[in-house]
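S.K.: If you want the building blocks of each chain, they are given just below.
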Amino acid sequence: METFLTILLDGLQFSSYLFIVSAGLTIIFGVMKILNVCHGSFYAWGAYTSAFFIGKFSEMGMPDGWGFLVILASAIVVGLVLGFLIEQVILKHMYHRDEVLIVLATFGLFLVLEDVILIAFGTDPYFAYQPMALLDSVEMGGIVRDVYGLTLIGVAAMVAIGCWFLLNKTKWGTILKAVIFDREMGIAMGINVPLVYTLTFIGGAILGGLGGAYIAPTISVAPGLGTEVIVLSFAVVVVGGMGSIMGAAIGSLIIGLLRALAVHELPQVELFVVFAVMAVVLVFRPEGLFAPAKPRKI
Amino acid sequence: MKKRFMTHALGMVAASALVFTGGIAQAKDSITIAVPSFLTGGAAGPFGIPAMNGAKMVADAINKGTLPAPYNTKGFGGASATLIELDEGGGATKQVAEYRNLVEKRNVDAIVGYISSGNCQALAPIAEELKQFTIFATCGTPRIFEEAPRKYVFRTMGHATSDNVAAAMYVKEKFPDMKGYTGINQNYAWGQDSWRDFDLTLKQIMPNSKASEKTQFPKIFAGQYGSEISAMSLDKADLIHTSFWGGDLEAFIFQGAARGLFKKKIGVMTVGGTAAYRLGKKLPDGLVLGARGPYGILVKDRKSVLNQWFVNTYKNIYGIYPSGPAYQYGQAILAAKIAYDKAGSDASNEQLADALRGITFESFSTTIEMKLGGGHQAATENGYGITKYDSDEGENVVTDVKFYPASCVLPPDGIDSVDWINGGMKGAKC
Chain A
1 METFLTILLD GLQFSSYLFI VSAGLTIIFG VMKILNVCHG SFYAWGAYTS AFFIGKFSEM
61 GMPDGWGFLV ILASAIVVGL VLGFLIEQVI LKHMYHRDEV LIVLATFGLF LVLEDVILIA
121 FGTDPYFAYQ PMALLDSVEM GGIVRDVYGL TLIGVAAMVA IGCWFLLNKT KWGTILKAVI
181 FDREMGIAMG INVPLVYTLT FIGGAILGGL GGAYIAPTIS VAPGLGTEVI VLSFAVVVVG
241 GMGSIMGAAI GSLIIGLLRA LAVHELPQVE LFVVFAVMAV VLVFRPEGLF APAKPRKI
Chain B
299 MKKRFMTHAL GMVAASALVF TGGIAQAKDS ITIAVPSFLT GGAAGPFGIP AMNGAKMVAD
359 AINKGTLPAP YNTKGFGGAS ATLIELDEGG GATKQVAEYR NLVEKRNVDA IVGYISSGNC
419 QALAPIAEEL KQFTIFATCG TPRIFEEAPR KYVFRTMGHA TSDNVAAAMY VKEKFPDMKG
479 YTGINQNYAW GQDSWRDFDL TLKQIMPNSK ASEKTQFPKI FAGQYGSEIS AMSLDKADLI
539 HTSFWGGDLE AFIFQGAARG LFKKKIGVMT VGGTAAYRLG KKLPDGLVLG ARGPYGILVK
599 DRKSVLNQWF VNTYKNIYGI YPSGPAYQYG QAILAAKIAY DKAGSDASNE QLADALRGIT
659 FESFSTTIEM KLGGGHQAAT ENGYGITKYD SDEGENVVTD VKFYPASCVL PPDGIDSVDW
719 INGGMKGAKC
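Heads up: the sequence lines are chains A and B, in that order.
Residue numbers for the first sequence follow the working numbering, beginning at 1 and rising by one.
Residue numbers for the second sequence follow the working numbering, beginning at 299 and rising by one.
Just so you know, the hints here were simulated from the structure itself, not pulled from any lab data.
Certain hints may be false.
[Stated by the list, open to error] Below, simulated PhoX-like cross-link-like pairs (lysine-lysine); rule was C-alpha separation at most 25 Å, straight line:
id	chain 1	residue 1	chain 2	residue 2
1	A	LYS56	B	LYS392
2	B	LYS686	B	LYS470
3	B	LYS580	A	LYS56
4	B	LYS561	B	LYS512
5	B	LYS640	B	LYS613
6	B	LYS640	B	LYS472
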């Protein structure tokens, strides 16, 4: 029972991390049909900004609780600034181009932003342990768990509920769904698609930044941070179906839980299991588990 | 008389001919040494940058002639060295291309550096093919000199076998009641070799202790180890071995400490020395800490003139005490000076290799004997200590430091590490 509870909590925690990051990636793909490789940069910039300011505020003697505000602010600022600049300066001028070219452009941006991180923050890792230390630890399932890690599950749940509410209960959600379903028809109906694109890209970037900003207190924030996460996020999005929030949630859960099971019971296959899931899903459902329906055009 | 005159005349003609045909090489005023190290990526801060700093500091002192005796002669065989700083990131394929470029297009005189075992393993055969004098500074896999004889490639520090045999011996000495052990190591040559050597040694010297069946091998640079920490917390083993390094090591320490892992289990970190100065108070007390040899925090207080020069100069320039990689790159540059001093600044790759092969020299913190791998692989002592935060000094220190001689933790020349350990480490002089 102890092992079961531990695997469940480990799996949920890792799934939550995956979901927060991949939700932004899948939203951008769903609306804009852009496979955004520089999503990893939003994650890395979120982590760096958060770690930098948490450290600075701590040095200034501010209470550790401020760290949570810094995390939220970092995600929003990074998403707003980077998302807006990249969409307006680069991507906006490429929408009429081939999708492969846009992927290459985002890959180029990813490399550039990685180097800008080195210039802005240097090569030394940053440590922002204060929020994690503040929440202390608790014993669950016979082992000690850090409470901060557990709060990640709550944050992911809030992101999921927020996305569901936005898509299903607001006018903006209806507009987004219309653009996802058929962009041309959306334009014909008078939707300001360029504005939708800009806001979607910024929203996705904020989610990417939030993933990095929230995880920063638990890791050594070092150059190259964004590379690992983008590979895992792609696996999640492919499993769940590109462009589907529900798919990203289920994909994250499947990969997170199976990975935790592998780590506990058969560590040799831990690395393999993530991509095995992806391969199996692609064999039976090449568009992923919850790929959004596509209109049939004649 | 006539015969003598004729002999002199012939000698002068021959000498003139040699000069005009370039047969007598001119001593160089300057040489170029390429120094690859991780300048980007997770390994840059804890490893690559201190390593490069160590190399630059020592090369600069050699150029100025300000190293302590016996290395206080100016230059490399009299020549001033220019270092080309290169990023080691990007993987082995990129490094192989970069190496060929350095040799074939940029015509560097020597290549000194490399941290990643994967890179060293890929580059050793290329260096031999191109006949390029190369000194590996930090990479650890023993396979480089065990899988094939080398002529142009050297390594001036001990390899992973010595790190892990010494760790096992230290565990036996300090924790004789240890019943079971597990490990978390990166899933590539370095992590796998490290665990294998530690596990095999403990099977020999502590046969009553039991290895866990669920040892962890996460991907390198994974960064998050929540599930692995849970699995190890539930494991009955009372000791955890890790050869993690760089950002992975620091992330693991953070996450493990927050969950009380190192209060329940003995943590053995073979590369932990790199985190000692950087983490400060956040490094838990009671960890068994290695520095991949007699480097960094383990030797900070050694009183030799060379060591005190190294520690004080580094602290003055960079504001922090030198960690292992700084020492390792510094001593590799020193080995290049020794080779050039012996062979001359105009020496060929063959002459430089001959000059370094099999020698013994005094480095900053220890004596280096190039006696393994046919005189190409260094043998040095190796040691461990236990971490403790010194609140008076405001820094981490190590207690119970114990060093094991090279002849105790490394196999004799020509014997494969695994065979040596499995055979009961015959000939080990501890």
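S.K.: Could you check the structure against the hints above and give me the numbers of any it violates, in ascending order?
M.R.: 1, 5, 6
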